[in-house]
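**Q** Chain by chain, the residues run as shown.
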Amino acid sequence: MYDVLIIGGGVIGCAVARKLSQYQGRFAVLERAEDVADGASKANSGIVHAGFDAKPGTKKAYYNVKGAKMYAQLAKELGVPYANIGAMVLGFSEEDRDILKTLLRQGIENGVDQLRIIEREEILEKEPNVNPQAVCALDVPTSAVVSPYEMTLALAYHAAQNGVEFLLNCPVTRIYEDHETWHVETPRGVLESRAIVNCAGVGAAELHNMISDEHLEIIPRRGEYYLLDSTVKCPFSRTMFQVPGKMGKGVLISPTAHGNALLGPSAEDISDGYDTATTRKGLDFVMDKCRLTWPDANVRSAITTFAGVRAHPATNDFLIGETHGAPENAFEAIGIESPGLTAAPAIGADLGEQVAEHLKLPDAKFVKAAVPLLKPFAAMTEEERADACRRDPEYGRIVCRCEVITEAEIRDAIRRPVGARSIDGVKRRTRAGMGRCQGGFCSPRVMEILCEELHCSPLDITKSGGNSHLLVGTLNDIAKEAQGHD
Amino acid sequence: MIDTVVSVNVLVIGAGPAGLAAAIAAKKAGENSLIVLEREDQPGGILRQCIHNGFGLHRFKEELTGPEYAQRDIDAARELDIDIRTGVTVLSVSHDRRVTAVSRENGLQVFQAKAIVLAMGCRERPRGALAIPGTRCAGIYSAGTAQKFVNLEGYMPGRRVVILGSGDIGLIMARRMTLQGAKVLACVELMPYSSGLNRNIVQCLQDYGIPLYLSHTVIDIHGRDRLTGVTVAKVDENRRPIPGTEMEFDCDTLLLSVGLIPENELSAGAGVELSRVTGGAVVSDTLETSIPGVFACGNVLHVHDLVDHVSNESFRAGEMAARYAQGERRTGREIPVRDGRGVRGVVPQKLVLDSENKGVDLMFRPDRVYRDHYLTVRADGKVLSSVRKMILTPGEMVVQPLNEQQLAICRDAQEITVSITEEKAV
Numbered sequence: 001m002y003d004v005l006i007i008g009g010g011v012i013g014c015a016v017a018r019k020l021s022q023y024q025g026r027f028a029v030l031e032r033a034e035d036v037a038d039g040a041s042k043a044n045s046g047i048v049h050a051g052f053d054a055k056p057g058t059k060k061a062y063y064n065v066k067g068a069k070m071y072a073q074l075a076k077e078l079g080v081p082y083a084n085i086g087a088m089v090l091g092f093s094e095e096d097r098d099i100l101k102t103l104l105r106q107g108i109e110n111g112v113d114q115l116r117i118i119e120r121e122e123i124l125e126k127e128p129n130v131n132p133q134a135v136c137a138l139d140v141p142t143s144a145v146v147s148p149y150e151m152t153l154a155l156a157y158h159a160a161q162n163g164v165e166f167l168l169n170c171p172v173t174r175i176y177e178d179h180e181t182w183h184v185e186t187p188r189g190v191l192e193s194r195a196i197v198n199c200a201g202v203g204a205a206e207l208h209n210m211i212s213d214e215h216l217e218i219i220p221r222r223g224e225y226y227l228l229d230s231t232v233k234c235p236f237s238r239t240m241f242q243v244p245g246k247m248g249k250g251v252l253i254s255p256t257a258h259g260n261a262l263l264g265p266s267a268e269d270i271s272d273g274y275d276t277a278t279t280r281k282g283l284d285f286v287m288d289k290c291r292l293t294w295p296d297a298n299v300r301s302a303i304t305t306f307a308g309v310r311a312h313p314a315t316n317d318f319l320i321g322e323t324h325g326a327p328e329n330a331f332e333a334i335g336i337e338s339p340g341l342t343a344a345p346a347i348g349a350d351l352g353e354q355v356a357e358h359l360k361l362p363d364a365k366f367v368k369a370a371v372p373l374l375k376p377f378a379a380m381t382e383e384e385r386a387d388a389c390r391r392d393p394e395y396g397r398i399v400c401r402c403e404v405i406t407e408a409e410i411r412d413a414i415r416r417p418v419g420a421r422s423i424d425g426v427k428r429r430t431r432a433g434m435g436r437c438q439g440g441f442c443s444p445r446v447m448e449i450l451c452e453e454l455h456c457s458p459l460d461i462t463k464s465g466g467n468s469h470l471l472v473g474t475l476n477d478i479a480k481e482a483q484g485h486d
Numbered sequence: 001m002i003d004t005v006v007s008v009n010v011l012v013i014g015a016g017p018a019g020l021a022a023a024i025a026a027k028k029a030g031e032n033s034l035i036v037l038e039r040e041d042q043p044g045g046i047l048r049q050c051i052h053n054g055f056g057l058h059r060f061k062e063e064l065t066g067p068e069y070a071q072r073d074i075d076a077a078r079e080l081d082i083d084i085r086t087g088v089t090v091l092s093v094s095h096d097r098r099v100t101a102v103s104r105e106n107g108l109q110v111f112q113a114k115a116i117v118l119a120m121g122c123r124e125r126p127r128g129a130l131a132i133p134g135t136r137c138a139g140i141y142s143a144g145t146a147q148k149f150v151n152l153e154g155y156m157p158g159r160r161v162v163i164l165g166s167g168d169i170g171l172i173m174a175r176r177m178t179l180q181g182a183k184v185l186a187c188v189e190l191m192p193y194s195s196g197l198n199r200n201i202v203q204c205l206q207d208y209g210i211p212l213y214l215s216h217t218v219i220d221i222h223g224r225d226r227l228t229g230v231t232v233a234k235v236d237e238n239r240r241p242i243p244g245t246e247m248e249f250d251c252d253t254l255l256l257s258v259g260l261i262p263e264n265e266l267s268a269g270a271g272v273e274l275s276r277v278t279g280g281a282v283v284s285d286t287l288e289t290s291i292p293g294v295f296a297c298g299n300v301l302h303v304h305d306l307v308d309h310v311s312n313e314s315f316r317a318g319e320m321a322a323r324y325a326q327g328e329r330r331t332g333r334e335i336p337v338r339d340g341r342g343v344r345g346v347v348p349q350k351l352v353l354d355s356e357n358k359g360v361d362l363m364f365r366p367d368r369v370y371r372d373h374y375l376t377v378r379a380d381g382k383v384l385s386s387v388r389k390m391i392l393t394p395g396e397m398v399v400q401p402l403n404e405q406q407l408a409i410c411r412d413a414q415e416i417t418v419s420i421t422e423e424k425a426v
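Line by line, the protein sequences are chains U and D.
Residues in the first sequence are numbered consecutively from 1, following the numbering used here.
Residues in the second sequence are numbered consecutively from 1, following the numbering used here.
Be careful, since some hints might not be right.
[Stated by the list, open to error] Footprint (simulated), chain D over chain U, 3 or more residues, beta carbon under 8 Å:
| id | segment |
| --- | --- |
| 1 | 10-21 |
| 2 | 87-95 |
| 3 | 271-285 |
| 4 | 467-473 |
[To be verified] Have a look at the derived ranges for each label pair, beta carbon to beta carbon:
| id | chain 1 | residue 1 | chain 2 | residue 2 | range |
| --- | --- | --- | --- | --- | --- |
| 5 | D | 237 | U | 246 | 49 to 57 Å |
| 6 | D | 292 | U | 114 | 33 to 41 Å |
| 7 | D | 240 | U | 163 | 53 to 61 Å |
| 8 | U | 190 | D | 268 | 55 to 63 Å |
| 9 | U | 280 | D | 268 | 26 to 34 Å |
[Stated by the list, open to error] Computed cross-link-like contacts, DSSO-like style, restricted to lysine-lysine with a CA-CA straight-line distance of at most 27 Å:
| id | chain 1 | residue 1 | chain 2 | residue 2 |
| --- | --- | --- | --- | --- |
| 10 | D | 183 | U | 480 |
| 11 | U | 55 | U | 281 |
| 12 | U | 66 | U | 55 |
| 13 | D | 382 | D | 350 |
| 14 | U | 281 | D | 350 |
| 15 | D | 350 | D | 424 |
It should be emphasised that the hints constitute simulated quantities derived from the structure, not laboratory data.
In this text the structure is predicted, and so the values were computed from the model without any measurement.
Using N, Cα and C, we set each Cβ at its ideal position, and we do this for glycine too.
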């Protein structure tokens, strides 16, 4: 019997889990995919939004501003790449200026500091590559970038260090309440718990509707992106937004927390919340829109394209707290689209506390401090590298040439709690395979290391869980099979 | 702290065919202070996984497999007692030829070299660079990665294969996977001509009945976990897909053979001037880069079709590096070699005109297919040579030698231009 089952291992579920791990009790995170941060948490803009965009008085506004103010400290504590690079929202007409003024007022009302409207000259002085047709801009010094999947992973690591179980490959098929106990059906059997927290992203409405008589709708909204090579300097030192439209914050160009340039997203409502395919139309839309900000926009140095699906709530605001219309001890965080990544630490703290108080969970006797993510070999000085090699000779073995990732880091990523189990799992934790060659050189070696650490065959290794196997058989297997067909 | 710096006269980075040849030549030129650093556990480079034959026809006048070709150089290096250190990855090269490297055995090491030969080879262009839309499922590999799985690890990456791009590795893998029991459904090439060697089109596709779709490309990728299919469409002269020409292929594997990129991150870090056309260093006829004492050869300089050419080029780089380390300096006037009409990426980009220069091979690729044209080399306006070529194609590198007499004519010239002309130039 669990005290709390958290459904969904995205940034929200992991933030709630981390908060609950500071209380006494038995907790587990149930994740349908083979790794945490598999949904929107791994494929978004990675922006810590200042909080001028959300309408004052909404949950989005409250959690955005509260979360943003927690980020710098949290990222430092967990060792997650984060940089307070600032942002600008560009206006290209006097109508745009009116919108920017509205954003400014909203921001001030929401409690965002240092906002002001600046004119062309100052824009170009700060960001010389901006389209000189820009008339004015909202300057947002408190905006920041963070590595979203590493934030999610770090929250999960810390939760796991303090005893939270992570049940991966564990989709929830049915939930019901019986004798004040929640029953959660999964491929691992029926799990019982005193309370549940629904943080299931694009799948959250379906679970909500299983237990509540108040029907909810989530509209999956896909966004497509281009990511450029980190050796090509991003043309802007800040996150460059355009004035927002009704489908979201519009297309941005930003350095990521790792220094790549990110272009996107498009915004398209789709029927399948797990359809993360990119499309010609979506990618062309991104390029087209980016040219407004950056007339010389080009993707010659693109290393990849990707798409993420936001969980857009039909109500347009976050739903956080007890599940209305359901039996007691059901909680949820639903419709956490942008600025959800920013809001996550605040949602985790508030919702985790609310659940703990409701269940009258005592504080944990001892909470382990987070073991921060390892300092990457690539970011070390020469002396630090020499020391690292002396400490662990596996640092002397470079596996990923493009991003300079060592065997020591890859083994650590597999051995950690909530460790990597796939090529993409290693990639998200270490950046091996994220560079120019996109894993061409290192994936065979990463596969070998996974086999050594997990005591399995290369035929068992997947790209990202499920049936995403990289190899289909030995040479003999396939040759025999082919003879059988003849 | 880094307390020891290893001093060495010639440091070669990479022990593939280029690095091995450079080291052999340096040693034969009398250089005994010589170290080769190789990141893999064995020397040989990419040849280790190229188990098909066809290597060495020019150099050894026989058909060898990749590993056999490499072994000849490895054996020669052993006989010459060349110090090849494997499992060592170079992290940085500085403009004053300080090299940091890391290995399991020795941790972080610093080398100070009098001369460096850059021989890091090249890598394959990945899917992301093409921005093909679709899912990011398993089953998409660069041809060389698939070749490694099959030839070095003994595993098959798939059963039903489409190949995008007609580069040589893709063509070789079409045959290899067919022989191993896979079904190769098509080879799809964006351009109206193949980028691979003609002999590979014949021996790897035609002999196995694998269709080659020129002026076609993959426009969509399907499959959530593992690839389930691709959509291929014909493209117009601007390489844009033509609506209505889509074909669906039911495949579990997409191999990419869409180009090779010289791996010059270390060179760029050192401040070596790179060519936007070749992706490699700008070099003189001695294969010296813009940084004195730093030489480049093989696929890190420009992507070759034949390893025989790599070896020849690298012998020269190795010898020149040794002579540089021994104090020899070229003093002649330097003139540029320029790409004229129809020509892309002539290497070397500069000639030093002195008495030491006994001739040079100019290498380049045509910018498209030319039939019955003339390959013309001019010194300023003066024609040095104009040679009839029945076919010139981007898939086959052209080697045009300039001999000592021709160089003598250049003595007072300002520049040399290589171009492709319809008529014989006089």
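**Q** Determine for every hint whether it applies to the structure shown.
**A** Here is how each hint holds up against the structure:
{"no.": "1", "hint": "10-21", "result": "violated (count 0)"}
{"no.": "2", "hint": "87-95", "result": "violated (count 0)"}
{"no.": "3", "hint": "271-285", "result": "holds (count 8)"}
{"no.": "4", "hint": "467-473", "result": "holds (count 7)"}
{"no.": "5", "hint": "D:237 <-> U:246: 49 to 57 Å", "result": "violated, 39 Å"}
{"no.": "6", "hint": "D:292 <-> U:114: 33 to 41 Å", "result": "violated, 51 Å"}
{"no.": "7", "hint": "D:240 <-> U:163: 53 to 61 Å", "result": "holds, 57 Å"}
{"no.": "8", "hint": "U:190 <-> D:268: 55 to 63 Å", "result": "holds, 58 Å"}
{"no.": "9", "hint": "U:280 <-> D:268: 26 to 34 Å", "result": "holds, 32 Å"}
{"no.": "10", "hint": "D:183 <-> U:480", "result": "holds, 14 Å"}
{"no.": "11", "hint": "U:55 <-> U:281", "result": "violated, 31 Å"}
{"no.": "12", "hint": "U:66 <-> U:55", "result": "holds, 14 Å"}
{"no.": "13", "hint": "D:382 <-> D:350", "result": "holds, 18 Å"}
{"no.": "14", "hint": "U:281 <-> D:350", "result": "violated, 45 Å"}
{"no.": "15", "hint": "D:350 <-> D:424", "result": "holds, 25 Å"}
In this structure, the hints that do not hold are numbers 1, 2, 5, 6, 11 and 14, in rising order.
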